[in-house]
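Enquirer: Okay, here's what each chain looks like letter by letter:
Number of protein chains: 2
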Amino acid sequence: MTAEDTVHRVRHGGREARRRERSHKATGHGRPYITRNIPTYDILSEENLQKIEAAADRILAETGIEFRDDDVALDHWKKAGAKVDGVRVTFEPGMLREILKSAPAEFTQHARNPENSARIGGRNVVFAPAYGSPFVMDLDRGRRFGTLQDFENFIKLAQSSPWFHHSGGTICEPTDVPVNKRHLDMVYSHIRYSDRPFMGSVTAEERSEDSIDMARIVFGRDFVDENCVILGNVNVNSPLVWDGTMTKSLRAYARANQCAVVVPFILGGAMGPVTNAGAIAQSLAETMAGCALTQLERKGAPTVFGTFLSSMSLRSGSPTFGTPEPAIGSMVIGQLCRRLGLPLRCSGNFTTSKLPDAHAMTEGTMSMLAAIHCGANFILHSAGFLDGLLSMSYEKFMLDADLCGALHTYLDGVKIDDNQLAVDAFAEVGPGNHFFGCSHTMANYETAFWDSETADNEPFEKWEAAGQDDAATRANRLWKQHLREYEAPHLDEGVDKALREFVTKKKAAVPDAWY
Amino acid sequence: MTAEDTVHRVRHGGREARRRERSHKATGHGRPYITRNIPTYDILSEENLQKIEAAADRILAETGIEFRDDDVALDHWKKAGAKVDGVRVTFEPGMLREILKSAPAEFTQHARNPENSARIGGRNVVFAPAYGSPFVMDLDRGRRFGTLQDFENFIKLAQSSPWFHHSGGTICEPTDVPVNKRHLDMVYSHIRYSDRPFMGSVTAEERSEDSIDMARIVFGRDFVDENCVILGNVNVNSPLVWDGTMTKSLRAYARANQCAVVVPFILGGAMGPVTNAGAIAQSLAETMAGCALTQLERKGAPTVFGTFLSSMSLRSGSPTFGTPEPAIGSMVIGQLCRRLGLPLRCSGNFTTSKLPDAHAMTEGTMSMLAAIHCGANFILHSAGFLDGLLSMSYEKFMLDADLCGALHTYLDGVKIDDNQLAVDAFAEVGPGNHFFGCSHTMANYETAFWDSETADNEPFEKWEAAGQDDAATRANRLWKQHLREYEAPHLDEGVDKALREFVTKKKAAVPDAWY
Numbered sequence: 001m002t003a004e005d006t007v008h009r010v011r012h013g014g015r016e017a018r019r020r021e022r023s024h025k026a027t028g029h030g031r032p033y034i035t036r037n038i039p040t041y042d043i044l045s046e047e048n049l050q051k052i053e054a055a056a057d058r059i060l061a062e063t064g065i066e067f068r069d070d071d072v073a074l075d076h077w078k079k080a081g082a083k084v085d086g087v088r089v090t091f092e093p094g095m096l097r098e099i100l101k102s103a104p105a106e107f108t109q110h111a112r113n114p115e116n117s118a119r120i121g122g123r124n125v126v127f128a129p130a131y132g133s134p135f136v137m138d139l140d141r142g143r144r145f146g147t148l149q150d151f152e153n154f155i156k157l158a159q160s161s162p163w164f165h166h167s168g169g170t171i172c173e174p175t176d177v178p179v180n181k182r183h184l185d186m187v188y189s190h191i192r193y194s195d196r197p198f199m200g201s202v203t204a205e206e207r208s209e210d211s212i213d214m215a216r217i218v219f220g221r222d223f224v225d226e227n228c229v230i231l232g233n234v235n236v237n238s239p240l241v242w243d244g245t246m247t248k249s250l251r252a253y254a255r256a257n258q259c260a261v262v263v264p265f266i267l268g269g270a271m272g273p274v275t276n277a278g279a280i281a282q283s284l285a286e287t288m289a290g291c292a293l294t295q296l297e298r299k300g301a302p303t304v305f306g307t308f309l310s311s312m313s314l315r316s317g318s319p320t321f322g323t324p325e326p327a328i329g330s331m332v333i334g335q336l337c338r339r340l341g342l343p344l345r346c347s348g349n350f351t352t353s354k355l356p357d358a359h360a361m362t363e364g365t366m367s368m369l370a371a372i373h374c375g376a377n378f379i380l381h382s383a384g385f386l387d388g389l390l391s392m393s394y395e396k397f398m399l400d401a402d403l404c405g406a407l408h409t410y411l412d413g414v415k416i417d418d419n420q421l422a423v424d425a426f427a428e429v430g431p432g433n434h435f436f437g438c439s440h441t442m443a444n445y446e447t448a449f450w451d452s453e454t455a456d457n458e459p460f461e462k463w464e465a466a467g468q469d470d471a472a473t474r475a476n477r478l479w480k481q482h483l484r485e486y487e488a489p490h491l492d493e494g495v496d497k498a499l500r501e502f503v504t505k506k507k508a509a510v511p512d513a514w515y
Numbered sequence: 001m002t003a004e005d006t007v008h009r010v011r012h013g014g015r016e017a018r019r020r021e022r023s024h025k026a027t028g029h030g031r032p033y034i035t036r037n038i039p040t041y042d043i044l045s046e047e048n049l050q051k052i053e054a055a056a057d058r059i060l061a062e063t064g065i066e067f068r069d070d071d072v073a074l075d076h077w078k079k080a081g082a083k084v085d086g087v088r089v090t091f092e093p094g095m096l097r098e099i100l101k102s103a104p105a106e107f108t109q110h111a112r113n114p115e116n117s118a119r120i121g122g123r124n125v126v127f128a129p130a131y132g133s134p135f136v137m138d139l140d141r142g143r144r145f146g147t148l149q150d151f152e153n154f155i156k157l158a159q160s161s162p163w164f165h166h167s168g169g170t171i172c173e174p175t176d177v178p179v180n181k182r183h184l185d186m187v188y189s190h191i192r193y194s195d196r197p198f199m200g201s202v203t204a205e206e207r208s209e210d211s212i213d214m215a216r217i218v219f220g221r222d223f224v225d226e227n228c229v230i231l232g233n234v235n236v237n238s239p240l241v242w243d244g245t246m247t248k249s250l251r252a253y254a255r256a257n258q259c260a261v262v263v264p265f266i267l268g269g270a271m272g273p274v275t276n277a278g279a280i281a282q283s284l285a286e287t288m289a290g291c292a293l294t295q296l297e298r299k300g301a302p303t304v305f306g307t308f309l310s311s312m313s314l315r316s317g318s319p320t321f322g323t324p325e326p327a328i329g330s331m332v333i334g335q336l337c338r339r340l341g342l343p344l345r346c347s348g349n350f351t352t353s354k355l356p357d358a359h360a361m362t363e364g365t366m367s368m369l370a371a372i373h374c375g376a377n378f379i380l381h382s383a384g385f386l387d388g389l390l391s392m393s394y395e396k397f398m399l400d401a402d403l404c405g406a407l408h409t410y411l412d413g414v415k416i417d418d419n420q421l422a423v424d425a426f427a428e429v430g431p432g433n434h435f436f437g438c439s440h441t442m443a444n445y446e447t448a449f450w451d452s453e454t455a456d457n458e459p460f461e462k463w464e465a466a467g468q469d470d471a472a473t474r475a476n477r478l479w480k481q482h483l484r485e486y487e488a489p490h491l492d493e494g495v496d497k498a499l500r501e502f503v504t505k506k507k508a509a510v511p512d513a514w515y
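The listed protein sequences correspond, in order, to chains A and B.
Throughout the first sequence, residue numbering follows UniProt numbering, covering 1 to 515 in sequence.
Throughout the second sequence, residue numbering follows UniProt numbering, covering 1 to 515 in sequence.
The following block holds chain A by itself, in its conformation from the complex (with noise of 0.2 Å):
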């Protein structure tokens, strides 16, 4: 393509528009999920694996996990055989263990839009944007708090783009609505502007209710208490405890039948250990506590084993994302979540960068690729995260979505049959003739290869005539034109008026809260 051509298509895009589709078409639009065609990266022997667990086993039996502030926790630790000693609980080594075997190895999450539903677990990969900047960022305006428009914004734009399976959650924290209302608007955003699975609040029992009565009015109660269809992500207070906002929030997710996805947050050095071994048996080890209860208030609720290791910078204390020893961590927490047989979510698109720069995007891409070898099933931070998830980036949410499609192509490995292998080609073509033109060309041509929407490929003539353009430049048109072009799928009036009436009604019953 030409400059000219490029000015042509962020101007018109319809000639975009069709290459789009033609992309989308080959390489998987509209995929609700990705089956990965790859193994898993196997890092550690079963050896060591097994010296992670003994060690994961001893921290559970000998220092324990505290659950404050949730009674019901406590007595269901107190039936299920463990010792509670006020708000310290312990357990015998393979407890945990037995008390998983009831949750899914893998479930569907279903989507108001049944062709989005997706399979989490197993072989299957599903990408979801970022969660819970209080900041966004754009190239325009710099950083500033969030908004309920950001919000929608993100939305609309991972909605707009085939590389994601899922609408997310808390994808910017929406800060110009009062901290216990932002549920209500959150929630009703994806079920409007999206037609992908999406995730609920947390950050109280009562919002985690709300999020699941509101799922209730689109796809009924019926249906709910049957099958998955909101994810909440709930994490440990590392090291070590559970506090009583979170369990309440994973009891009341897994009594509905519905996922809890369990996350300890551990920055080696401060929360946990500053060796890489030990923080990924402490992760396990407060892991499985947090899947463990889910089972105990429902079992056979869908739940998904959750890890999120970071490193620090021992000079600043500044904790550090995408570096090399989180990314290691993940393999080997892949290796353990499969012993498990548990969905995972790990890893994602991480960097301390507060620019959707070069630093960004090593970082970010060395993450992503240990959670696509680790064989996370479920990707969350996927998009946009920069600045140690502080902030939601506008242009690196669509570098990152430009990451994720060619993900798409990554997990499809390599297949192998004679069209693939060419084998009449080099006959056709012989030695030192070019390809270009040959019948095995002509016939592969369409589905070749991955087409990045934000790389540049062009000679540097042209691109330095097209205006010498860096990528974040580029991703600053790509999302406002996404937004001009943003269609909203469609929404049963009856269910979208049902959804009002509900967010208006509980607005109204309380009064405003920033806390």
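FYI, nobody ran anything at the bench for these hints, they're computed from the structure.
Heads up, none of these hints are tricks.
Given that identical chains are not distinguished, each listed pair holds provided it fits within a single copy or across any two copies.
Listed next, the in silico EDC-like pairs over lysine to aspartate or glutamate satisfying Cα-Cα at most 16 Å (straight line):
| hint | residue 1 | residue 2 |
| --- | --- | --- |
| 1 | Lys-51 | Asp-418 |
| 2 | Lys-415 | Glu-47 |
| 3 | Lys-415 | Asp-42 |
| 4 | Lys-78 | Glu-66 |
| 5 | Lys-83 | Glu-62 |
| 6 | Lys-248 | Asp-69 |
Please build the complex by placing chain B on the supplied structure of chain A, with the hints as guidance.
Expert: Same frame as chain A, now just chain B:
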């Protein structure tokens, strides 16, 4: 570190130098090569590997390879039992594999500083700078033709970094030196400004021989006859053509018991099929033939099995780099190469980006991680590569060097022992407390985490106050600092004098030629 510290460090370097030394000590400064502590990533089944091998055998037996302008090579093939018809050579299945059995699975490339001698093959990994760009770039002066000054600068930057193990070869073309004399200045510069292993010229048989003769001045004729001290990188003229210039250079290296690195460059859809499996089979066929030819010239000579797969934009015909297909292809090539028992050169830090931006590092990181996972032993193009290999970038070089550093930690994998598992730390710290000052942290923090030289992990506000630099801007400061602080390694005066006399005599012997 604070913003003021950053300025201080850039200005004075003392604190930074100390930090760097500490960091290098922690993460393996001065290692002459990496011995991987993580497994290779084996992507294909035995059955599918055999299918690719069969496809390569069929290409070799039915279509064959042309060896142009080199009667000696054709004679070698006749004597070895291949069928030679004009310049076309065909090979019975199994014939090349039999010949390749005499090539060493690993070997040492000696450096003039014995501490830097590198082991190539087996579980060892060697990083070398990019190779062959006519242009250089930096943020101050943009793109321009490379000069001998640039060439020397890049050698100095590589030598200054603990993250390379090899000085490389034609890091950029010194276009201010006549083409027929460049190799003399390049080889001299590698020897003068670096004390690591290096590569010689391959652009003509006599230039290869000059390169080897200069190595003989440094190491002694007898030593060179028995040990590898120089590599030459020879390219197949894909598809299925070996030009005489290349085979004569290949034979010159082999004849001297030096190492020819054998590399097809296959741009899918142009020099090979658009399908990955076909390009891989072709690459296998072409490289087997080249590596086997080294053994016919001198049985037992070291050789490296190389590959360079690339995809293309089927819209514009432009080559693309750092895309998922070649990354996946690298893993397959790695498995095929290990079945041949040869050292592997594969992948590098590839991109089509014209700037050291997000685009560059997305592609570069995917591409470098493919090299790491596929088990590559000699990773040429580890640093500096921009614009599809047309430009060597000062800033990208620094960013890539930093990634090479991170990959040292990555390749070290995860260690599992009682200290790494932090078995006693959990009891000491207990639930809800932090690990900052605990005895396990104090005992381990100095060697705990990879510490990037180009990332900015500071809080947003500190980064903002320090000028909001992106990674490329930081890299721009860094290469200037490294050049200022560079100190040449000791070189024996007699050797230096003999090298300079050799260069002067050779240059005087023939008129300048610019082709």
